[in-house]
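*Asks:* Sequence:
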Amino acid sequence: MLALGKGRYAARFAETAADVTAAQRLRHLCFRGGGGLDADRFDAICRHVLVEEGRTGALVACFRLLPLTSGCEIGRSYSAQYYDLAALEAYPLPMVEMGRFCVHPDWQDAAILRVAWGAMTRFVDDNGVGMLFGCSSFHGTAAEAYLDAFAVLKERHLAPRRWWPRVKAPQVFRFARRLARAEPDRRRALMTMPPLLRTYLTMGGWVSDHAVVDRDLNTLHVFTGLEIGAVPPARARALRAAAG
148 MLALGKGRYA
158 ARFAETAADV
168 TAAQRLRHLC
178 FRGGGGLDAD
188 RFDAICRHVL
198 VEEGRTGALV
208 ACFRLLPLTS
218 GCEIGRSYSA
228 QYYDLAALEA
238 YPLPMVEMGR
248 FCVHPDWQDA
258 AILRVAWGAM
268 TRFVDDNGVG
278 MLFGCSSFHG
288 TAAEAYLDAF
298 AVLKERHLAP
308 RRWWPRVKAP
318 QVFRFARRLA
328 RAEPDRRRAL
338 MTMPPLLRTY
348 LTMGGWVSDH
358 AVVDRDLNTL
368 HVFTGLEIGA
378 VPPARARALR
388 AAAG
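Residue numbers for the sequence shown follow our numbering, beginning at 148 and rising by one.
Be aware that a few hints might be false.
To be verified - Computed spacing ranges between beta-carbons, pair by pair: (1) A292 / A327: 11 to 21 Å; (2) T168 / R321: 37 to 47 Å; (3) H304 / R362: 17 to 27 Å; (4) H286 / D332: 14 to 24 Å; (5) V314 / T216: 24 to 34 Å.
As the list claims (entries may be wrong) - Mimicking SDA-like on lysine to any residue, the simulated pairs with C-alpha atoms at most 20 Å apart in a straight line are: (6) K315 / Y225; (7) K301 / Q318; (8) K315 / A227.
What the hints contain is simulated information worked out from the structure, not anything from laboratory work.
All values derive from a computational prediction rather than experimental measurement.
Where is the CB? At the ideal position from N, CA and C, for every residue including glycine.
Work out the full structure: start from the sequences and follow the hints.
*Replies:* See below:
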């Protein structure tokens with residue numbers, strides 16, 4: 148049972164249909180704007196994690212988890228709709244896909260992200276997960292706004308060849324090819340890179356060489372993988388301290 152409280156915020160698994168509906172409502176606000184529910188067929192096969200403010204019980208962040216026994220099940224994942232992940236079918240250890248991560252726009256507090264990653268770390272450790280993966284999203288579908296960020300991804304953070312995600316979606320931005328000779332402004336790159344993706348990268352995460360244009364959610368997203376064994380020791384200690 149996941150239950151993690153740190154200071155002002157606490158994370159837990161959704162326990163009721165009302166909990167899942169609350170997560171879907173927050174997702175709609177963050178990804179689509181306004182009232183409504185963001186729901187899809189993956190909700191029924193995922194575990195949903197809620198991060199709440201302790202005093203008011205307000206839902207301030209959420210994400211969902213899809214555990215897989217190994218890479219042989221990766222075709223079941225949300226990401227597999229958009230990326231050819233055949234190379235990862237050979238991955239031998241348990242995996243988990245993290246998706247629909249969002250933080251309420253009125254609750255921009257770095258402590259929320261720490262609690263969320265603490266909860267994720269506890270789940271990874273409790274279930275012997277070898278790889279965490281998912282889609283990391285940039286807001287909007289205009290790649291020009293993020294050229295410096297994509298150039299940094301191309302230069303430093305592309306996937307290992309043995310796990311290389313290939314193109315599957317009909318509309319993509321092939322940033323590794325388009326920006327082969329670009330010299331990015333690193334400060335601007337960090338300012339425009341999504342916080343979730345920055346966190347993945349500081350832990351040794353890697354990305355696909357292209358971004359998918361998702362007009363349904365009005366995002367550009369990159370496949371993101373993180374091999375748990377590759378997390379730097381100091382970072383791993385900090386995460387486990389947050390999960391304790």
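*Asks:* Now, for every hint given, state plainly whether the structure supports it.
*Replies:* The hints, checked one at a time:
no.: 1; hint: A292 / A327: 11 to 21 Å; verdict: 20 Å, holds
no.: 2; hint: T168 / R321: 37 to 47 Å; verdict: 38 Å, holds
no.: 3; hint: H304 / R362: 17 to 27 Å; verdict: 25 Å, holds
no.: 4; hint: H286 / D332: 14 to 24 Å; verdict: 19 Å, holds
no.: 5; hint: V314 / T216: 24 to 34 Å; verdict: 27 Å, holds
no.: 6; hint: K315 / Y225; verdict: 13 Å, holds
no.: 7; hint: K301 / Q318; verdict: 19 Å, holds
no.: 8; hint: K315 / A227; verdict: 9 Å, holds
This entry satisfies every hint, going by the numbered hints stated previously.
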